[in-house]
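All chains, please: the whole structure from these sequences, using the hints.
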Amino acid sequence: MAVRATPDSSRSPAAPTVREASPTSDQQVAPSRVPTGGPAAMRQLQRTAGNRAVTSIVGRIQRGTLQRVKVSEATVGETLYNQSGAGGTAAAKHYSIKPQYQMTRSGDSGVTVTVRVKFLNQARNGTDPTAPGAPPGTPALGALMGSPTEIPVTDPDNRRAWCQSIVKEQVKPWNGRLTLVGEEWNATEDNTKKRLPVTFDAVAVFGLAEEADNQVIVHPTTVVAGSPGQPIDAGNYYLNKGGYKADEKVIAAHEYGHLIGIPDEYSQSNEQMNALLHQASPGDAPSSRAALDRKTVERMVLSSLRQPLYDRLGTQMPAVADAIRAKRALVKTRMALAARSGVVAPAVRTELTNQLTAASEPGLAPSIPRAVAFQTTANFSNVTNAGVGVEAGFSAAALTSQIQDMYWKALLGAQNAVVAVKGLGDVSINVQGSVNRTTAAGGAQQATAAGLAASTVGSPGGPATVFGFPLVLPPAGLVGQLMALPTTFATAGSALETGVTPATFTTKMESVLKSAAAAAAAAPLPPGVAPPAKMARSGELYRRAYTLVTNTSREASKQLATDLINTVVQPVLASSVKTLETAIETEVNRVMTTPPAGVAALGPADPNMAALVAAMKARLDANKTASAGGGRDPLGTGKPAPAQDVTYSYQGLMGTHGTMAVRADQFAPIVSQFNDKLTTFFEKDFTAEVK
Amino acid sequence: MARITTVLWRTPPPTSVDEELAVYDDGSAWLAVRRSRDGQPTVGSWSAETTDDDRALFAAAGEGPIVVDLLHPADTGQFGAGAERVAAAARDSAIATATFHAGVTGAGAGVSLLVVAAGSRPVRFDLDPSSCSVHVGHDGSTLAWYEVPSVGTGFVTPDAEGLGGVGRVAEVAPGSYGAIALDVPALAAKPDGATEVAIQIAGWLHDALPDHPMPEPFAVRTAAVPFPAS
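Residue numbers (the numbering used here), protein chains in the order written: chain A, 5 to 695; chain B, 734 to 963.
Heads up, a few of these hints could be off.
What the hints assert, rightly or not - Heads up, simulated EDC-like pairs for lysine to aspartate or glutamate below, C-alpha to C-alpha not over 16 Å straight-line:
#1 A:Lys413 / B:Asp892
#2 A:Lys538 / B:Asp892
#3 A:Lys413 / B:Glu949
As the list claims (entries may be wrong) - Negatives, chain B to chain A, calculated, CB over 12 Å:
#4 Ala792
#5 Ala821
#6 Ser826
#7 Glu880
#8 Ala919
Unchecked claim - Anything over 12 Å on all C-beta distances counts as not near chain A; from chain B, calculated:
#9 Met734
#10 Asp758
#11 Gln773
#12 Pro798
#13 Gly813
#14 Tyr879
#15 Tyr910
#16 Ala922
#17 Pro924
#18 Trp937
#19 Pro948
No lab work stands behind these hints: they were computed from the structure.
Glycine residues also receive a C-beta, built at the ideal position from the N, C-alpha and C atoms.
Here it is in structure tokens:
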């Protein structure tokens with residue numbers, strides 16, 4: 005999450021000033037480092053401090069003496085593109101981090117980083133100051149009111165125990181990941197290799213006057229997170245968070261990262277990503293920016309085409325639905341055969357018996373097997389029930405909705421897939437609404453996108469006149485592929501043959517019956533629903549058995565018909581989207597990587613694709629030019645931070661924390677503090693090793 | 734009717750709050766909740782009427798979308814307060830909502846997912862079973878979780894009428910309810926200390942806004958229900 009915005013304050017305004025390190029009986033301050041090391045400087049130090057003193061310091065460290073320092077780093081600024089800009093763009097806002105922690109070195113056995121979090125009690129305003137009747141002077145929604153107070157030891161919600169738990173949880177994703185790797189110079193033998201595992205710790209404190217590195221208000225169970233004036237944010241934790249209990253630990257872990265000096269890595273501009281790529285990769289590694297830029301343009305094009313493609317398929321769906329419906333008789337026939345055998349399967353009859361038994365008075369038990377047998381054989385119309393189910397699944401409206409929705413989901417899935425960026429990790433490319441507007445009605449790329457959508461989706465064909473000659477054009481594009489699908493139903497090994505069988509029908513019926521039983525057993529029942537009385541008469545029993553068998557077989561038929569459509573349509577849609585992605589990628593590569601001399605060899609480009617790619621590349625280039633040189637924190641360094649059409653989010657713990665990934669470069673501030681404050685004169689600078 | 738403005742309340746994962754307020758020029762405002770900020774297991778649409786002052790306020794903010802990061806709310810002034818007020822008013826008037834519950838059948842061997850619809854018209858959604866999971870735990874903490882195995886059917890009423898929701902869109906009329914029995918064999922070996930079960934659900938909400946019938950992803954987690962000891 006973003007940290008507190010500037011210029012309001014740093015992220016922990018009430019945190020006490022951190023004192024500089026002072027030695028105590030069990031603490032040793034590290035010897036001050038001199039600018040240069042090595043044997044010559046060592047001899048200089050020995051002359052200055054004396055051999056015994058130097059030897060003593062080194063010896064204590066080697067024996068495992070504790071060294072502890074308090075680290076209060078300079079405020080670190082960060083710029084996030086998490087605001088709404090004009091025309092659907094993402095705008096920037098500035099935030100700041102004030103890292104504070106204690107670092108303890110236990111000789112050569114390890115390092116511990118400790119953050120003290122002060123948990124207090126304070127009310128937030130939940131009254132909208134603009135609402136009619138709001139008292140004059142009502143503060144902003146969510147503003148903290150009055151001064152913080154200590155959480156009572158006898159707190160009815162036992163918040164202190166909850167806090168103790170959260171500080172334990174928030175360090176878990178950090179521990180076992182970082183090792184400081186270095187070596188100590190030896191005059192007469194090989195240097196000593198050192199590996200210091202870093203343990204991260206957080207300590208809860210509750211006293212108003214106690215020292216702490218961060219402050220969090222903890223709201224009692226009477227306050228519901230998310231209610232007016234109670235937004236979830238970095239400085240306010242809620243006991244009453246409904247379904248977010250587990251997620252809160254991840255949020256707290258992310259916050260812990262800020263306290264040790266790591267900024268956010270989500271809602272970044274292209275320029276910021278460039279800086280992050282350089283930070284994450286070794287200095288001589290080739291930058292991944294060009295590859296990321298190409299992928300960005302690809303996603304911009306795909307995003308801008310999503311709505312036009314969906315709309316275009318919608319206009320062609322009547323022909324597709326007609327083609328599929330034309331084969332439904334075949335499906336009904338096969339379904340009826342499957343139903344006749346499937347309904348008498350032992351699994352179905354057992355489930356029916358169980359349900360009827362549960363709904364009946366004990367006296368009806370002897371009649372239940374007869375009722376089940378009668379309703380699944382003599383009184384069961386497989387043709388009618390299968391026909392009703394298939395007709396429902398193959399209705400024009402159902403097919404249109406099902407296929408169009410599947411197409412939308414396939415496009416969204418391709419659009420939102422994370423990108424593996426070499427040297428960094430998984431990144432999401434977030435195309436802003438400003439890009440999609442270019443292909444909406446009145447947008448600069450509307451005609452281009454409509455043309456591309458038409459050629460991609462295709463048409464059902466039919467009579468046409470070309471140069472005055474009447475022709476019958478074949479179906480083309482995605483529409484043509486979809487219309488061809490039902491022609492395969494009659495072939496051996498088809499999806500119809502393998503998907504609609506007595507066994508699959510039985511499985512469906514069993515699932516439906518078990519689910520019906522689960523619904524009947526729902527406790528408590530939804531409002532207004534009365535539990536049914538137990539059946540006591542044979543007539544009731546037979547009617548109930550008939551209802552269950554009829555409804556179940558029809559639902560099984562409908563579900564199998566739907567599954568059949570999904571099975572055959574899904575690969576076609578996925579392939580179509582993949583083909584589109586490939587076409588976009590090809591054009592992007594033509595524009596962004598192919599040398600001019602090689603372009604001709606690639607053949608002519610689709611003019612609409614070329615125009616759309618060029619337009620999106622121009623937008624990205626404009627974004628980059630306008631924000632060039634801004635680095636990771638443009639607003640904090642007086643650089644321009646213009647609104648962006650695309651933002652990026654690292655997926656790891658300090659990004660959108662979709663994963664718990666961390667990188668070595670993120671620990672640079674801690675490593676730097678360690679090297680400055682806790683290494684001996686003979687030790688070379690340590691580096692971070694992360695697993 | 735045309736959309737005047739859009740307000741999005743969002744958070745990054747894992748909370749991934751996704752609430753959208755769409756204000757239209759006919760005076761209506763629709764709230765679509767695909768992942769609630771308060772963690773309630775309800776998704777769907779709600780609606781409220783706006784005043785002339787509200788619409789003037791929203792029109793001045795522009796088409797948007799105005800994105801509010803709930804983890805770090807910016808100072809959106811009167812606009813933000815107005816949006817919150819209209820959204821809060823909308824919550825009193827459900828259009829089409831689905832609330833999900835976990836259920837335990839038998840002696841804890843079976844788990845079911847229940848949906849209850851409310852509002853003035855059917856709620857439309859479908860599940861993504863491959864993204865659903867069953868969590869067993871204690872006092873809100875997950876001790877183990879299990880993927881939901883292949884789901885054979887959508888939601889079903891006590892009378893075995895299919896409501897859909899798996900492989901096809903569910904259409905659940907207000908006041909109707911249905912369940913899916915989930916077969917999770919691994920539950921038989923649930924960890925020691927597990928006392929409750931909850932279901933994490935992911936899917937697609939359809940027709941949430943009048944001008945956006947397309948499916949958009951939703952996610953909820955049911956409240957935990959007691960899990961019988963083995």
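Taking the hints in turn, this is what the structure says about them:
| no. | hint | verdict |
| --- | --- | --- |
| 1 | A:Lys413 / B:Asp892 | violated (32 Å) |
| 2 | A:Lys538 / B:Asp892 | holds (14 Å) |
| 3 | A:Lys413 / B:Glu949 | holds (8 Å) |
| 4 | Ala792 | holds (15 Å) |
| 5 | Ala821 | violated (6 Å) |
| 6 | Ser826 | holds (17 Å) |
| 7 | Glu880 | holds (17 Å) |
| 8 | Ala919 | holds (18 Å) |
| 9 | Met734 | holds (15 Å) |
| 10 | Asp758 | holds (16 Å) |
| 11 | Gln773 | violated (6 Å) |
| 12 | Pro798 | violated (6 Å) |
| 13 | Gly813 | violated (8 Å) |
| 14 | Tyr879 | holds (15 Å) |
| 15 | Tyr910 | violated (5 Å) |
| 16 | Ala922 | holds (21 Å) |
| 17 | Pro924 | holds (15 Å) |
| 18 | Trp937 | violated (7 Å) |
| 19 | Pro948 | violated (5 Å) |
Hint compliance for this structure: hints 1, 5, 11, 12, 13, 15, 18 and 19 are broken, all remaining hints hold.
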